[in-house]
Amino acid sequence: MSREVSKYEITIEPGRGFEQYWRDLWRYRELFYFLAWRDILVRYKQTVIGVAWSVIRPLLTMIVFTVVFGKLAKMPSEGAPYPILVYAAMLPWQFFANSLSESSNSLIVNANMLSKVYFPRLIVPASTVIVSMVDFVISFVILAVLMIWYKFIPDIRILTLPIFLLLALAASLGFGLWLAALNVKYRDFRYIVPFIVQFGLYISPVGFSSSIVPDHWRLLYSINPMVGVIDGFRWAILGSNVDFYWPGFLLSIGLTGLIFVFGLRYFRRTERLFADVI
Amino acid sequence: MSTIIEVENLGKKYILKHQKQERYTALRDVMAEKAKRWGKRIIHPFAATNSEDFDREDFWALKNVAFKINQGDRVGIIGRNGAGKSTLLKILSRITEPTTGYVRLKGRVASLLEVGTGFHPELTGRENIYLNGAILGMSKSEIKRKFDEIVAFAEVEKFLDTPVKRYSSGMYVRLAFAVAAHLEPEILVVDEVLAVGDAQFQKKCLGKMEDVGKEGRTVLFVSHNMAAVKNLCTSSILLTQGHVEYIGETQKAINNYLRMSPSNESLQEYLAYNKELGVIFKNIEYLDDDGNIISCPQVGLPLSFRMSFHLLESYDNVLVSIGVETSNDLRTCVFHSKVSGAQLKLVSPHTDIICRLPKLTIFPGRYLLSIKVMSGDKMVFWLPYVVEMVIEDGDFFGTGRLPEKDWGGFFLAEHNWTGIHKTKEDSL
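Line by line, the protein sequences are chains A and B. When we follow this note's numbering, the leftmost residue of the first sequence carries the number 1, and every step to the right adds one. When we follow this note's numbering, the leftmost residue of the second sequence carries the number 1, and every step to the right adds one.
Isolated chain A (complex conformation) (with noise of 0.2 Å):
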């Protein structure tokens, strides 16, 4: 019993220490795994048609933006389907415009637990990430679905498709973190996030291909961190003939980094007021 006793000796001081918070974080993992199994339980409860609305919800905006782009504005498709080319850019766009409105709003929604127990409150907004995932998931599974409709067959460049959406989820945990701590502070936020997430489904390249934007706008189109997941996600899937453009993806991973380590730094060093302002 004294050895298990010592095992946890905690000094509480003002500053705690960093190293024993993520001593603590893997202590917690548990609480990870049931956090984000509660909100998939919840998901979909009380809903008539349950998990089916993960599948219409990018279902119809694909076919909505296939109509807008690729039948009235006649956008050039890359060689591929562009019910394909849409959805290879819904794909990583739901994940990341999911999990930065549910990691954004996950402080407040748990405001309960947050007062009452302790346990690294980056736990929350990193487990409502996981959720977007299993969404991330079923979508898959209509693409390749749709892959078969419509006989295309994808080359071996398929196979770097996590490397992008590794990418997708640092850029929407970086902000997530961001967001949802400043959302704890000042809840105009949670209205500035459905904002962010419309207005970026707009300036991202989803419902058309970023090769039509100007060559001499490209790096700078590329700032949104999303465009460099996007071209990656078409580049895996389409295995489009069109020349990836590396200057635009090193910029939009070295944003991506900046942006999940500031969004870190920024959730810690807030951390510990939460419970008394939220």
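Hints are not guaranteed to be accurate.
[What the hints assert, rightly or not] The list that follows gives simulated cross-link-like pairs (lysine-lysine, DSS-like), each with its CA atoms no further than 27 Å apart: (1) B:Lys214 <-> B:Lys144; (2) B:Lys204 <-> B:Lys230; (3) A:Lys45 <-> B:Lys144; (4) A:Lys185 <-> B:Lys34; (5) B:Lys275 <-> B:Lys252; (6) A:Lys185 <-> B:Lys378; (7) B:Lys252 <-> B:Lys208; (8) B:Lys345 <-> B:Lys359; (9) B:Lys405 <-> B:Lys252; (10) B:Lys63 <-> B:Lys13; (11) B:Lys13 <-> A:Lys185; (12) B:Lys208 <-> B:Lys140; (13) B:Lys146 <-> B:Lys165; (14) A:Lys45 <-> B:Lys158; (15) B:Lys275 <-> B:Lys359; (16) B:Lys36 <-> A:Lys185; (17) B:Lys208 <-> B:Lys230; (18) B:Lys208 <-> B:Lys68; (19) B:Lys140 <-> A:Lys45; (20) B:Lys282 <-> B:Lys338; (21) B:Lys146 <-> B:Lys158; (22) B:Lys345 <-> B:Lys378; (23) B:Lys204 <-> B:Lys165; (24) B:Lys34 <-> A:Lys45.
Derived from the structure by calculation, the hints contain no laboratory data.
Using the hints provided, position chain B relative to the given structure of chain A.
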């Protein structure tokens, strides 16, 4: 006995902002404030920037708190509302960080600041046991091992696969407490959970906490229920205004607590204010027959309620009622000026209205008072559940004994017993 909790020079500072009433800051306010300050600096570039001082005030919820607790102690933490009890517990359970000082803990802390934290209404009882267990810091294998025990303790076997939103509030609380009670931390922090549930369940909880103490674990218990504290705790800490007033024997701490004048509690300036009629309901106080203010009335003794009003103009034909409610929304009784035939007036600028009970007969416990004041048929105040009244045990029967809580009943009534014995000759 080894020291398991060591607290040194602990302090927690909050910054009060007097201007704002919102609990959270809006970005708009921050930007407006920044803009104002910039504006000022441009207009008066050399003025001292002390504009912050008047709308911010430091408030020390805890200051210079120091104590040591040994392993296996059951320690009560008592004090009035706002004395810093909850802040202390929040620091010990690591929910907030202290501003100064340190706490050294040798063991896992589990807090029951409010049972049922993280319960999700849509999830079933079974799912919530796992979720809640994980939130409170149990591992999955630990929960699995104790699962049957938890279910048996909560008495919810039949409803395990029902969403908890369909549970009765009693079942909900039982399940929540059962999960928390089966944590095996070295230090258990409990805040007022015993206020919930029926009498039988309360007894079960007290028993569980006693067991926890006997197993060599440390219990910190915060409550307003002096009887429970007395029952459960080997020693107690009395907090007033953020510092330790007394530490030691429970009985002495309770005596000190009861003796404290309640005036330092009234941070709030008044209880209620009717702007339209210009009436301030200053406060309600409990008095003994010598006119001394007491913090907790005792059963069996005379009790007076004194309500103080400040008014701009006078009101006739005033009717006052005080309803006494239990914590589960049950009205125990009502003292009503109309029924007792009193003719009351509120006279400007200041009126005290007193309601005297020759002998308090309500069963000891925690109650909430709902107060209504009317003038004619004009509502002056309707304040449901506005103040708490804790009735202490007292020597009602002159025998030094009171009925147990779980015998049932809301009132004590004086009564006599006689046995009449008849001999054979009488019955012939």
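Contradicted hints - numbers only: 5, 6, 15 and 24
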